[in-house]
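Student: As a plain string of letters, each chain reads:
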Amino acid sequence: MRTLILTGLAAAVLAFPAVAGQDAITIGLTVSETGALNVDSTAQMNGFRLWQEQVNEGGGISVADKKYKVNFISYDDQSKADRVQQLYSRLIIQDDADFLFSPYSSGLTSTAAIVSEQYGKVMITTGAAEDKTYTLGNKYLFQMYAPATTYLRGALDALKEVNPGAKVAFAYKDDGFSKAVVAGARVYAEKIGLAKAFDEAYAPGTTDFGPIINKVVASGADAIVGGGHYADGATLARQLFDHKAPLSFISLLVAPDSPKFAELGEAAAGNITAPSQWAPQAAYKVAFGPEGTAFNQSYRRKYNTEPSYHAAGGYAAGVVLQRAIEQADSLDGDKVTDALNKIDNTIFFGHVKFAVDPANHGLQIGHDMVIVQWQNQGGTLTKEVIWPKDARTKPLVYPLH
Amino acid sequence: MSLSKPFFWILVAVVAVFASVPGLTNNVALRESLLLSAVSIILASNLNLMIGFTGYVNFGNIVFFGLGGYFGVWLVVVAGVNLYIAALTGGLMVSFIAFLFGTGILRLRGAFFALATIGIAEAVKAFVSNFEPWGGATGLYLPLSTLIEFGGGGKTRIAMNNTMWTVYYLMIGIMAASLFLSYWIKRSKFGLGLFAIREDEEAAAVLGVNTPRTKAIIYSVSGFLPALAGAFYFFKSGLIKPEEAFDLHRSIEAIVMVMLGGQGSITGPAVGALLYDQLRGYLLTDPVLSSFQLVIAGALLLACVLFVPGGLMGWIYGRWPALRGILE
Amino acid sequence: MFGILASMLDGVLVGAVYGLAAIGLTLIWGVMDVINLTHGAMITLGMFALYLIFVKTGIMPYAALVPVAVIGFGFGLAVYWTSVHRVITRPPLMSLLSTFAVNMVLIGLGTALWSTDLYNVNYSVPGVTVQGFTFTGNHILAALAAALIAAGLFVFLQHTREGKAIRAVASNRRAAELMGVPSTLVLSHAFALGIAIAAVSGALIATLFPFDVLKGSVYELKSFVVCVLGGLGNPAGALMGGVLLGLIEGGVTPFIQVSWVPVIEFVLFVLILIAFPNGLFARGTRR
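Protein chains in written order, with the numbering used here: chain A, 356 to 756; chain B, 1029 to 1356; chain C, 32 to 318.
No lab work stands behind these hints: they were computed from the structure. One or more of the hints may lead you astray.
[What the hints assert, rightly or not] Listed below are the simulated DMTMM-like cross-link pairs for lysine to aspartate or glutamate, each with C-alpha atoms no more than 20 Å apart in a straight line:
no. : chain 1 : residue 1 : chain 2 : residue 2
1   : A       : LYS422    : A       : ASP486
2   : A       : LYS421    : A       : ASP687
3   : A       : LYS476    : A       : GLU739
4   : A       : LYS708    : A       : GLU681
5   : A       : LYS515    : A       : ASP745
6   : A       : LYS494    : A       : GLU516
7   : A       : LYS546    : A       : ASP723
8   : A       : LYS515    : A       : ASP451
9   : B       : LYS1183   : A       : ASP687
10  : A       : LYS744    : A       : GLU516
11  : B       : LYS1183   : A       : ASP450
12  : A       : LYS697    : A       : ASP712
13  : A       : LYS494    : B       : GLU1177
14  : A       : LYS615    : C       : GLU208
15  : A       : LYS615    : A       : ASP577
16  : A       : LYS546    : A       : GLU516
17  : A       : LYS487    : B       : GLU1271
18  : C       : LYS87     : A       : ASP699
19  : A       : LYS697    : A       : ASP684
20  : A       : LYS424    : A       : ASP450
21  : A       : LYS487    : B       : ASP1228
[What the hints assert, rightly or not] Computed spacing ranges between beta-carbons, pair by pair:
no. : chain 1 : residue 1 : chain 2 : residue 2 : range
22  : A       : ASN518    : C       : GLY168    : 30 to 40 Å
23  : C       : PHE33     : A       : ALA642    : 52 to 62 Å
24  : B       : ILE1113   : A       : ALA638    : 54 to 64 Å
25  : A       : ALA638    : C       : PRO98     : 47 to 57 Å
[Said to hold, decoys possible] Derived coverage of chain C by chain B (criterion: at least 3 residues anywhere in the stretch with Cβ under 8 Å from a Cβ of chain B; other residues may be distant):
no. : stretch
26  : 74-80
27  : 89-95
28  : 107-121
29  : 184-192
30  : 289-295
31  : 298-310
From a predicted model like this one, the values you see are computed outputs, not experimental measurements. For every residue, glycine included, the Cβ atom is placed at its ideal position computed from N, Cα and C.
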């Protein structure tokens, strides 16, 4: 039902520029409206749309004394890669997209990048954290998210501070993203001197975490980091609680960051930490674009829910693209690329800087993850930022229970 | 397969249309769309060799496509082998593996065989997800330079363009091979053996058909062209991951295409594949209907099974029996 | 050392639920030679039915199993009359495809209604903790429920008139008709019963793990493995097969990387199909 209403709204919004008949910048993308990636992809799209709405309300983006409204053309990729190249070709050739946003997830983004690179179209990627995508030799990809290998560094730093002798269990989903995160985390843990007690991946689609939890408990670990995406992360969290695993620190990817995670209840979700691309309380001093609180408020007003970092990432992509177009004062792909390559500023989302070395062009090198923790404040669970120190709103609650 | 038969020329004409129209009009969107349809036709036609000709339902048919893709991409990325050789090697390896597995599972009949093929498909997917030399769950990524090189090197845009068109023509070639292979088998003595097995396996054995060997051969052969197609397809996609390469859902869709078009005939699976694939592509771009793509596909399949079990071609041949001789 | 035992015990508890799920599948298969590919969707139906009942009325999930069974039975009848009845006399491939088509429609509708959001039945029963390993109350109760329902099914099939009618039709439809059994009606009831059991198993799974619309197919695959282990058409075998599968999962995981378990499961599945087509617990041959 929600999908129907959303797509109805989408159709209405899409019809608008055509009716208005004005100069427009067309941004093409695919959205996972159906399939396994649909929840996060929709959140991201909400971010894009909020940005579009605000830009258009202000008259549009200024380029060479003209104002251009932003027009989206999007298709459903069904969370699968097989049509992505067809759809992006269509966006570029048939729909005359000026710029592109990536699909959600690294796999789909890499496939789309083959087409976008062929035609030399700028593609801002969101929801595509795997480092690998940017090492294949691109010129026009720009990553908004901090790369996967950096995700858990803050969590490990926070753990090291409260328990230098902690033994860490890595239990994570057997997919590209989670493995990339843990690969980086493993190396970092060794670097800062945290011992590894356990290190195993579970099959995607696992619902029974009993076996792996038993192994973690048997290994004598004090902390568990890992997980994967929302479904398995939430399930793992619940079962860690059900099994009363004697752990003092839990840090899981993606899942605890979603507002829905709190629905698991105080007991299960309490004091779990997660790396996040962004948190509403993170009060960065912005060089351009709205402040974090302003974004948060307008998002809540429009969608009646807290923005997750997917939504924030979507909005941030728009802000960055807009800035690059304005700096380049042109819609020409190469000029905008140059402008993007030069960006080295802080926005509400955090610091933004893209790698320009051809070996990993587009990799996000300015953005740091924040670590959030669900803390029990007088009966309700709220997400607090516990790391890095200069962005923290509350100290880490340790141990877990 | 005689050149005097009209069907031979019909096949030639169809292939010619696929090969020439996108190129002549330089229509990239059409090329992409037809490429996906060609892949569907390849999968459906080769699957038909098992379902329609031999009467064995291969639920795990996507394994051929995925493994061919993995062999091809791995050889190119890790061993630096030329794509054509990599693809061919992939095809031969997959056929060989299929022959080995086939001798084991083709002893099973009916539903048991179908289940065994699901088991194999899931086992292969789970195995490849753990197999680090093939990238495990991360999969294998192709550097852009590999695709540019394949297209002749030089300026990215031109080289990539060449690559995309070349892969397209290769896929059309494999599609043609699939159709002609079906036609050739249907008209051959070997094909007669297959049909005999389909109708009554015991009787066929009694009458001198070496059923175990025949079945193993056709199972192996039905994997070769999909494996080739897989190698080229995933090369063009730039990466291969276990989830996408061994997507059980895609296997099922191939079966739906064969049934919708009319199993056993040659035109049937091809037409079923083309129509289903185009329908799916259309539904994806329609904002309201894309959520219901699965519902529509399911409803179509149900209607077909309940009321028109012979599929589209079965219904057409029923109405106009003369066409059966022309359209096969 | 105890870790391994705990793992295996946990496996047995979960395995009992897998076994119950498979009973629904194997019953239908045994009685009418139909491989019900809506099985996954029906498990999902049970999950969501329990969730909705629990959230709307707040009654204890284990009491809600009864309405879930009734809903499942109703759905089962609907599926039978729309897609199975016409094709039951035709080759098995047809019923395979018709039930699969219904599955696609149901999952498509489910996704449109509930997208792929994760849902949770927030009801925890305190469990038993031994030496640091906890067996949750939910697990224990679910296994108990599974065993009770399986026992109930056994009693039903052996000692009630309807149950005997089902067994008669399964054994020889023609002969049963000659004996005055309304075979079509009995078949529809048997099918609906299988679905009801699948739905109830889904509800039990919902008390153990969070779920979404697509999860049913995961359990469907497990059900296939269990059916093959236990022998098709053999409900007692299915329960034992489920427990065996749970034992294998629990016993093997302490020693190997957890991600290899599906490989072992499916390889085992294929090998058993080839070597023991009637399952490991077959009583006599049945084709």
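Student: Go through the numbered hints given earlier and state which of them the structure violates, listing their numbers in rising order.
Tutor: Of the numbered hints, 1, 3, 6, 8, 11, 14, 15, 18, 21, 26, 27 and 29 do not hold.
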